[in-house]
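**Q** Chains as they are written, first to last, in our numbering: chain A, 1 to 303; chain B, 1 to 80.
A couple of the hints might just be wrong.
[What the hints assert, rightly or not] What the simulated footprint calls covered on chain A by chain B, stretch by stretch (three residues with Cβ under 8 angstroms from a Cβ of chain B suffice, anywhere in the stretch; the number is not a length):
#1 3 to 17
#2 56 to 63
#3 231 to 244
#4 260 to 274
These aren't lab readings, by the way, just hints derived from the structure by calculation.
This one's a predicted model, so the numbers in the text were calculated from it and none came from an experiment.
Glycine included, C-beta positions come from ideal geometry on N, C-alpha and C.
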Amino acid sequence: MFFPISNTHISPIYLAVVGFLIGILGGFFGVGGSFIAGPALRLMGVDWNYAVGTDLAHIVGKSIVAARQHRTLGNVDLKLGFIMAFGTIAGAECGAQLIQALKRAGNVNMVVSWVSIIVYFSIAMFMLWESQKTLRSANKRSSRSHPREDRSAFGPVTQKIQRLKLWPTISLPTSGIQKISLWTILLVAFVGGIFSGFLGGGAGYIRMPSMVYVLGIPTHLAVGTDLFEIVISASYGTFTHAMKGNVDILIALVMHTGAVIGAQIGAVSTQYFAGPKIRLAFVPLPLIGAAIVIYTLMTGHKL
Amino acid sequence: MKKESEKSLRAFAIELAVYAVLVTCYFFLVLHLLGNWLYHLETQHRLTYAIVALLLIAGQAVVLDALTTVLFRLLRGRWR
Numbered sequence: 001m002f003f004p005i006s007n008t009h010i011s012p013i014y015l016a017v018v019g020f021l022i023g024i025l026g027g028f029f030g031v032g033g034s035f036i037a038g039p040a041l042r043l044m045g046v047d048w049n050y051a052v053g054t055d056l057a058h059i060v061g062k063s064i065v066a067a068r069q070h071r072t073l074g075n076v077d078l079k080l081g082f083i084m085a086f087g088t089i090a091g092a093e094c095g096a097q098l099i100q101a102l103k104r105a106g107n108v109n110m111v112v113s114w115v116s117i118i119v120y121f122s123i124a125m126f127m128l129w130e131s132q133k134t135l136r137s138a139n140k141r142s143s144r145s146h147p148r149e150d151r152s153a154f155g156p157v158t159q160k161i162q163r164l165k166l167w168p169t170i171s172l173p174t175s176g177i178q179k180i181s182l183w184t185i186l187l188v189a190f191v192g193g194i195f196s197g198f199l200g201g202g203a204g205y206i207r208m209p210s211m212v213y214v215l216g217i218p219t220h221l222a223v224g225t226d227l228f229e230i231v232i233s234a235s236y237g238t239f240t241h242a243m244k245g246n247v248d249i250l251i252a253l254v255m256h257t258g259a260v261i262g263a264q265i266g267a268v269s270t271q272y273f274a275g276p277k278i279r280l281a282f283v284p285l286p287l288i289g290a291a292i293v294i295y296t297l298m299t300g301h302k303l
Numbered sequence: 001m002k003k004e005s006e007k008s009l010r011a012f013a014i015e016l017a018v019y020a021v022l023v024t025c026y027f028f029l030v031l032h033l034l035g036n037w038l039y040h041l042e043t044q045h046r047l048t049y050a051i052v053a054l055l056l057i058a059g060q061a062v063v064l065d066a067l068t069t070v071l072f073r074l075l076r077g078r079w080r
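Start from the sequences and build out the full structure, keeping to the hints where you can.
**A** Printed below as a string of structure tokens:
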């Protein structure tokens with residue numbers, strides 16, 4: 001099938017299958033899946049700028065479906081999602097500016113590559129340590145725990161962060177948080193946004209763990225709320241990229257047909273897994289991201 | 001319990017098949033017709049293209065989500 005906007009020939013079945021796989025990941029983990037979609041589009045000869053913009057457009061559609069499914073399951077905190085969207089958009093703009101500054105300095109590729117490898121690796125190792133520790137202590141406590149039970153070995157640190165009395169404080173009844181500083185939420189969203197602007201994609205691999213470990217949001221709610229927040233921030237990203245001529249909406253529409261089914265499967269699957277198990281299964285995702293960057297660094301080819 | 005999941009799986013397989021037929025029609029009819037118009041918009045009217053792109057992807061998400069939900073509900077009811 002010929003896509004005139006990006007001037008490429010791609011099989012619609014290939015696009016639908018890629019969309020389906022990313023949909024499952026997105027629905028289950030609350031990530032955009034740009035670390036797969038970008039290389040998958042590049043593999044078919046789509047220019048990098050179109051791969052980034054088109055991926056964002058596809059993320060909007062997929063996240064609408066997955067967030068709606070999670071909302072039906074009671075996994076979306078709308079108040080938190082709206083607040084976080086502001087921080088993410090501001091952070092994304094700062095991240096994009098940082099990229100421009102590094103471009104001017106002439107070392108953008110090296111800096112972005114090393115930062116992303118360190119960040120991806122740290123997240124994976126931390127989540128591996130935390131989820132295993134939590135699962136081990138849960139096994140000691142009871143062999144028959146509830147499938148949606150959500151404890152964290154990092155809980156005491158999270159409680160200290162929640163006790164910070166930085167005015168204004170708000171309550172998040174849906175997430176079971178009585179009081180938390182608005183600045184903490186905005187900071188988490190802002191940092192996620194910086195990584196989104198700096199490394200590309202929706203940066204769900206940073207935001208979802210931050211929501212669990214820093215804000216203390218239960219994993220199921222973090223996944224659903226992250227998806228809802230991605231709808232807003234990715235819409236903004238799609239609009240700005242479309243204005244710059246980086247979006248082939250026809251490719252995004254075809255990819256999205258597969259993602260609809262995948263996102264529903266992913267979202268429904270979360271109810272059969274406890275929070276620590278979802279976090280443990282999340283570990284390979286940032287490692288795949290790190291592997292792609294290392295491959296790019298070693299071969300000089302951008303996937 | 002096992003019977004229930006077998007029914008769900010069968011309904012899901014049929015849903016996938018019906019969905020694939022509908023999506024194939026969609027590829028050839030709607031996208032083929034929209035292709036040239038969207039290409040023209042992208043080259044001539046960027047702002048309109050950006051708005052239309054967002055509306056299209058959001059609209060498709062809502063419609064396909066509703067379609068798959070209805071299909072699944074119908075098929076589950078039929079096999080019950």
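**Q** Checking against the hints above, which ones are violated?
**A** Violated hints: none at all, because every hint is consistent with the structure.
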